[in-house]
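2 protein chains.
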Amino acid sequence: MYLSRSLFSMKTRLTSHSMTEVVVNQIRKASQKMSFPINQEKAKDIIDNVDNFLFDCDGVLWDGNGVIAGSLAVVLKLKQLGKKVFYVTNNSSSSRQDYVKKCNDYGFPAEKDDIVCTAYIAAQYLHSINFKDKVYLIGKEESIGHELDQVGIRYFGPGPDPLIGTGYNQWLKDIYLDAEVSCVLVGFDPHISFMKIMRAASYLKNPDCLYIATNEDGSLPAKDSNICIPGTGCMVLPVTVAAERDPIVMGKPSTNMFDVLKKIHNLDPSRCMMTGDRISTDITFAKTCGMRSLLVLSGISTINEICQPGQSPPKQANLQNQPDLYAQNLAEFGKYI
Amino acid sequence: MYLSRSLFSMKTRLTSHSMTEVVVNQIRKASQKMSFPINQEKAKDIIDNVDNFLFDCDGVLWDGNGVIAGSLAVVLKLKQLGKKVFYVTNNSSSSRQDYVKKCNDYGFPAEKDDIVCTAYIAAQYLHSINFKDKVYLIGKEESIGHELDQVGIRYFGPGPDPLIGTGYNQWLKDIYLDAEVSCVLVGFDPHISFMKIMRAASYLKNPDCLYIATNEDGSLPAKDSNICIPGTGCMVLPVTVAAERDPIVMGKPSTNMFDVLKKIHNLDPSRCMMTGDRISTDITFAKTCGMRSLLVLSGISTINEICQPGQSPPKQANLQNQPDLYAQNLAEFGKYI
Numbered sequence: 001m002y003l004s005r006s007l008f009s010m011k012t013r014l015t016s017h018s019m020t021e022v023v024v025n026q027i028r029k030a031s032q033k034m035s036f037p038i039n040q041e042k043a044k045d046i047i048d049n050v051d052n053f054l055f056d057c058d059g060v061l062w063d064g065n066g067v068i069a070g071s072l073a074v075v076l077k078l079k080q081l082g083k084k085v086f087y088v089t090n091n092s093s094s095s096r097q098d099y100v101k102k103c104n105d106y107g108f109p110a111e112k113d114d115i116v117c118t119a120y121i122a123a124q125y126l127h128s129i130n131f132k133d134k135v136y137l138i139g140k141e142e143s144i145g146h147e148l149d150q151v152g153i154r155y156f157g158p159g160p161d162p163l164i165g166t167g168y169n170q171w172l173k174d175i176y177l178d179a180e181v182s183c184v185l186v187g188f189d190p191h192i193s194f195m196k197i198m199r200a201a202s203y204l205k206n207p208d209c210l211y212i213a214t215n216e217d218g219s220l221p222a223k224d225s226n227i228c229i230p231g232t233g234c235m236v237l238p239v240t241v242a243a244e245r246d247p248i249v250m251g252k253p254s255t256n257m258f259d260v261l262k263k264i265h266n267l268d269p270s271r272c273m274m275t276g277d278r279i280s281t282d283i284t285f286a287k288t289c290g291m292r293s294l295l296v297l298s299g300i301s302t303i304n305e306i307c308q309p310g311q312s313p314p315k316q317a318n319l320q321n322q323p324d325l326y327a328q329n330l331a332e333f334g335k336y337i
Numbered sequence: 001m002y003l004s005r006s007l008f009s010m011k012t013r014l015t016s017h018s019m020t021e022v023v024v025n026q027i028r029k030a031s032q033k034m035s036f037p038i039n040q041e042k043a044k045d046i047i048d049n050v051d052n053f054l055f056d057c058d059g060v061l062w063d064g065n066g067v068i069a070g071s072l073a074v075v076l077k078l079k080q081l082g083k084k085v086f087y088v089t090n091n092s093s094s095s096r097q098d099y100v101k102k103c104n105d106y107g108f109p110a111e112k113d114d115i116v117c118t119a120y121i122a123a124q125y126l127h128s129i130n131f132k133d134k135v136y137l138i139g140k141e142e143s144i145g146h147e148l149d150q151v152g153i154r155y156f157g158p159g160p161d162p163l164i165g166t167g168y169n170q171w172l173k174d175i176y177l178d179a180e181v182s183c184v185l186v187g188f189d190p191h192i193s194f195m196k197i198m199r200a201a202s203y204l205k206n207p208d209c210l211y212i213a214t215n216e217d218g219s220l221p222a223k224d225s226n227i228c229i230p231g232t233g234c235m236v237l238p239v240t241v242a243a244e245r246d247p248i249v250m251g252k253p254s255t256n257m258f259d260v261l262k263k264i265h266n267l268d269p270s271r272c273m274m275t276g277d278r279i280s281t282d283i284t285f286a287k288t289c290g291m292r293s294l295l296v297l298s299g300i301s302t303i304n305e306i307c308q309p310g311q312s313p314p315k316q317a318n319l320q321n322q323p324d325l326y327a328q329n330l331a332e333f334g335k336y337i
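As they're listed, the protein sequences go chains Z and X.
Per this note's numbering, the first sequence starts with residue 1, numbered consecutively.
Per this note's numbering, the second sequence starts with residue 1, numbered consecutively.
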């Protein structure tokens, strides 16, 4: 298996040789970085030196229950201070137009160019390489489909694709592959099915067929619920493991989204701050792009992943990947501005 | 994301520090092992020193088109020489009883105790820990369900579970979780769906809920076809990534299957040989259990993964995980016995 094999061989290399371990531990220690709680002084530094505020949405500005208390006031205050505000989301269920409406419905000021979502970025990516064939799409018609339509790229795949055939031999015989397909694009799709995974992985047997994923988040934020809602990673990973190929990922932590934003708005990363709720995507993204970073604990990541000053790092913490600052929620940052 | 994060942090550690790289490369070189083509001398050594022959099935004895030419004659010859033959398969679509029938239909001699399949091992595992609650099962009624019935363990889940609800809020509200469930068991299930992944990952929010996977193979063997048929890994990985938990894996390369076989038949691993078509499962399994190993190239793994004597290792080869011997197919081994 593709992922498991890589993971296994790396684990083996790292754990079975004490000499390597010593070196790795030294490197870990040396590159360990603290994360600081937001306070008056830190907030002043941000307001003085940051012009562009990039916000993840789910788990930061809103969640399944609506606007997260206090977040709207922070965004409005930043706008009042003359700051630029951008909405940067891995969510591939919506087009930019949908996101403008969603932001506005909640009271957040937004125009189309303030939104960077993975459905849009995927379409832009294919457009930029002058893609002329067909896309096999695991994803929603109204989001990714809509963005592909905007740049004139042909696709099929959205909607239910229920199991047909009684097993192995019939699948081998009856699956039709469209010879014009030269890209498999996977985003959030609650109609994910065995047939879709089989079609996608079969197209990807051709090494010239592109493999693009909008993002790989494992679950959607659902704080305080006993339900875990699967994220796009649940649609992407089955294809990855069946096809034994890694996708080009559009969403955070890949830098594609910042590259597009930077180009349109001529941004200087050192004067940008990314605020997010997930270390593995938002904070990694901020660091890779050279931005400041603020983690809010109103979504996925928890205090158990934070290396706090004067405390030994918790087991779950990724020592190389700590946010510059953290706050309980956006409202806590708001208290100081 | 669970897997990606681990993979990412390991990659970072391995690639961004030249000192670590040097050490790792030295270790790789030192532990590199050659794999030898089968020949008269090697075959004689096997016949003289091996009493127990363990065979993977799909891709070794048969494939989607029926018995692989020459493999039946080899098994019959081994039986004639007084050797014990066992069938060790990660396939979780069949019970032991099904496998006896399948073997016999193809002409392979087999009784129930000669078969080790993951549906059986999963049921045995739960039985051995005196499991009394309910299992939420992503898998087939007639295979895993049947084996659970044999040991009196209650379960539900098999069959279609199509998408209901229009989105996020309805899912959070309408998903019913059975309080008696304290194990999620995932095997091959062509009815895999968003709802099943959501239910499984939600049960796994409870850290006391066991998480068991029959196996994690990414695809089923389908040599020379342009179709890629998803394997059990495509059902397991979405649950793993949504729940951010790693399963206890029953199948190869985990040693569970050999442990059961060893116990029933009192086997000495040094007098056992495992023959398989997949390095990442079969060969790793052989090595972990202390058996000899023969890779046949009639299934998943290819010659590009083999370090041949006198040649520089191919890029794709896992240098730490080479079979002792390799052959085009079982028939090639048969020529020498």
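Hints were generated in silico from the structure; no laboratory data involved.
Owing to the predicted nature of the structure, the values given are computational and were not obtained by experimental measurement.
There could be a bad hint or two in this list.
In silico SDA-like pairs for lysine to any residue, Cα to Cα no more than 20 Å straight-line [as the list claims (entries may be wrong)]:
hint, chain 1, residue 1, chain 2, residue 2
1, X, K315, Z, R245
2, Z, K134, X, I227
3, X, K173, Z, N226
4, X, K205, Z, N304
5, X, K205, Z, K335
6, Z, K205, X, N304
7, Z, K335, Z, N104
8, X, K83, X, Q124
9, Z, K132, Z, A179
10, Z, K79, Z, G107
11, X, K134, X, Q124
Structure-based check of all given hints:
{"no.": "1", "hint": "X/K315 - Z/R245", "result": "holds (15 Å)"}
{"no.": "2", "hint": "Z/K134 - X/I227", "result": "holds (18 Å)"}
{"no.": "3", "hint": "X/K173 - Z/N226", "result": "holds (10 Å)"}
{"no.": "4", "hint": "X/K205 - Z/N304", "result": "holds (17 Å)"}
{"no.": "5", "hint": "X/K205 - Z/K335", "result": "violated (33 Å)"}
{"no.": "6", "hint": "Z/K205 - X/N304", "result": "holds (17 Å)"}
{"no.": "7", "hint": "Z/K335 - Z/N104", "result": "violated (24 Å)"}
{"no.": "8", "hint": "X/K83 - X/Q124", "result": "violated (26 Å)"}
{"no.": "9", "hint": "Z/K132 - Z/A179", "result": "holds (13 Å)"}
{"no.": "10", "hint": "Z/K79 - Z/G107", "result": "holds (13 Å)"}
{"no.": "11", "hint": "X/K134 - X/Q124", "result": "holds (15 Å)"}
In terms of the numbered hints stated before, the structure departs from hints 5, 7 and 8, listed from lowest to highest.
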